[in-house]
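Engineer: So the chains spell out like this:
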Amino acid sequence: MASPEPAQHLRTYARIAWLWIRAAWQYPTSFVLLAVGNGLITGLDFVGLWIMFTHLEDLKGFTLPEVALLYGSASLALAVADTAIGSVERIGTYIRTGRLDQMMTRPVPLLVQVCADQFTLRRLGRLTQAAVVFGWACTHVEWTPSRVLVAASMLVSGALVFFGLFVGFSCVQFWTTDATEFANAFTYGGATVTQYPLAIFPREVMLGLTFVIPVAFVNWYPCLYLLGRTDPFGMPEAFQLASPLAGILTMAAALLVWRTGVRHYTSTGS
Amino acid sequence: MLHVAVATRAFRRYSTYRAATLAGIFTNSVFGVIYSYAYMALWDANPTAGGYDQQDAVTYVWLGQALLMTIALWGGGSTDDLAERIRTGDVAIDLYRPVGLVGWYLASDLGRAAYHLVTRGFGPTVIGLVAFGIALPPSPLAAVAFAVSLVLAVVVSFAIRFLVASTAFWLLDQSGVTVMSGAFAIFFSGMMLPLVLFPGWLGTLAQALPWASYVQVPADIWLGKHTGADLAAALGFQVLWAFVLLTACQVVLRLATRKVVVQGG
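Read top to bottom, the protein sequences are chains A and B. Numbering-wise, the working numbering puts 241 at position 241 of the first sequence, and it's gapless, one number per residue. With the second sequence counted from 1, adding 1000 to any position gets you the working numbering.
Honestly, the hints are just simulated from the structure, not real lab data. Since the structure is predicted, the reported quantities are computational estimates derived from the model, not experimental observations. By construction, the Cβ of each residue, glycine as well, lies at the ideal position given by its N, Cα and C atoms. Among these hints, one or two may not hold up.
[Unchecked claim] Beta-carbon label-pair distances, calculated as ranges:
no. : chain 1 : residue 1 : chain 2 : residue 2 : range
1   : B       : ASP1044   : A       : VAL108    : 49 to 59 Å
2   : A       : GLU204    : B       : PHE1122   : 25 to 35 Å
3   : A       : GLU204    : B       : LEU1002   : 47 to 57 Å
4   : B       : VAL1239   : A       : THR54     : 30 to 40 Å
5   : B       : HIS1003   : A       : SER267    : 40 to 50 Å
6   : A       : THR176    : B       : GLY1076   : 14 to 24 Å
The whole structure should be built from the sequences, with the hints applied where relevant.
Structural biologist: Following this line, the structure appears as structure tokens:
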């Protein structure tokens, strides 16, 4: 059987997303406030980092522009992932209300439907803010062609890692619909970790963030390359170029968990 | 007596979700660990930043994680029910009950806060104590004052959330305002970074806004930073904001009631 075209899935995704944008626009004040508010939350986040630096010369050897590069790149990757598939977090609600059953009867892949459902542009605020911080930090990098390439691959791979984490950990809800917050420790916790240079953590934490929850590949390793710094933990230099591999592996693992979850799923009505 | 009954039932309602509570404690603790290392790095480089030492800073982190749910920093609690009832129009039924709306929802929110305190508050505090050796209140007086301060923190937070929910009378969908107010709450409560680190006028402003009652004031009392008249002033600050904001709730409600009558024809 020929697999259906991915392009077609993307079109379906875009159509459902557009539907939800129009729905959200029915409350224009809320729509605008949501976008501004989300930009504000992340914006103030960076103000927090800046305030930290009024008391510091550097954070474990990393200056403000260097931390901004780490923060901006991770935040950008997270914003892209969250805008595209943030709704997957709500899967527990779909299971409880029986909406997942409805979705399963439709001739569109379940994951596409779940991700596009209640699509919201409110994350545009975060996207803009992250882009501004990243742009500013980039002016402090000495660019070479290979660094440009690594920077581009960092953003794409970072988004893939976050895609994987969000989808993968949302699947917890196929087994328990109660403990959704458990997943936040890994998804949003992972995102928070990437705001800081990993040098502030003990070696064991860094290893966990490399091999278990691979958020170190979202920004830490590629940024070391962009900044031309040696790894304070002495990890192999090849890791600094390995982000795409980490992105693909995380994504593949997440899709596997997703399939297992869907197979395991039994409707609440049965 | 009625309000006590409302509060106990709210307590019980939240206690139904045990797995959710455990998952929440786990998540709060993970964030506690992350921020602890970040603050330890900061205070390693500058051991007297903001007049805190490193142990104060780490204690502050875990208190923040412990208070997160109790003060409903992200919104939520009984005011979410109110917003939904305003949107659907069910609030009309609430309004003709012979009980004040603000008191009813406040009692319910205090019940919720009590549940979150003994679970989501106690859990991370113990973990912080075992894993990071956080400081305990230096005197029984500080401990009692902390308890009082905590209740006031919930009341101030409730009043702000009530005002946010009330915007649904005019906007129908309050989610935008909720996110905005959440953004301010995270920043100005000292949840993101202790307000004592804020420089110059920003620090003065942040310490004067009602959100300072959420985390900064209770945490400073726990850490023994306020004694004598200073302690009374810190609690007075919270009482003042609680009074001003609860009055505002009553006024807004009166304005909104007229609106509902108009809507109902």
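Engineer: If a hint holds in the structure, say so; if it doesn't, say that too.
Structural biologist: Now the hints, each set against the structure:
1. B:ASP1044 with A:VAL108: 49 to 59 Å: Holds, at about 53 Å.
2. A:GLU204 with B:PHE1122: 25 to 35 Å: With a Cβ separation near 27 Å, A:GLU204 and B:PHE1122 satisfy 25 to 35 Å, so the hint holds.
3. A:GLU204 with B:LEU1002: 47 to 57 Å: 53 Å, holds
4. B:VAL1239 with A:THR54: 30 to 40 Å: 32 Å, holds
5. B:HIS1003 with A:SER267: 40 to 50 Å: Hint holds: Cβ distance 41 Å, inside 40 to 50 Å.
6. A:THR176 with B:GLY1076: 14 to 24 Å: 21 Å, holds
No hint from the list above goes unmet by this structure.
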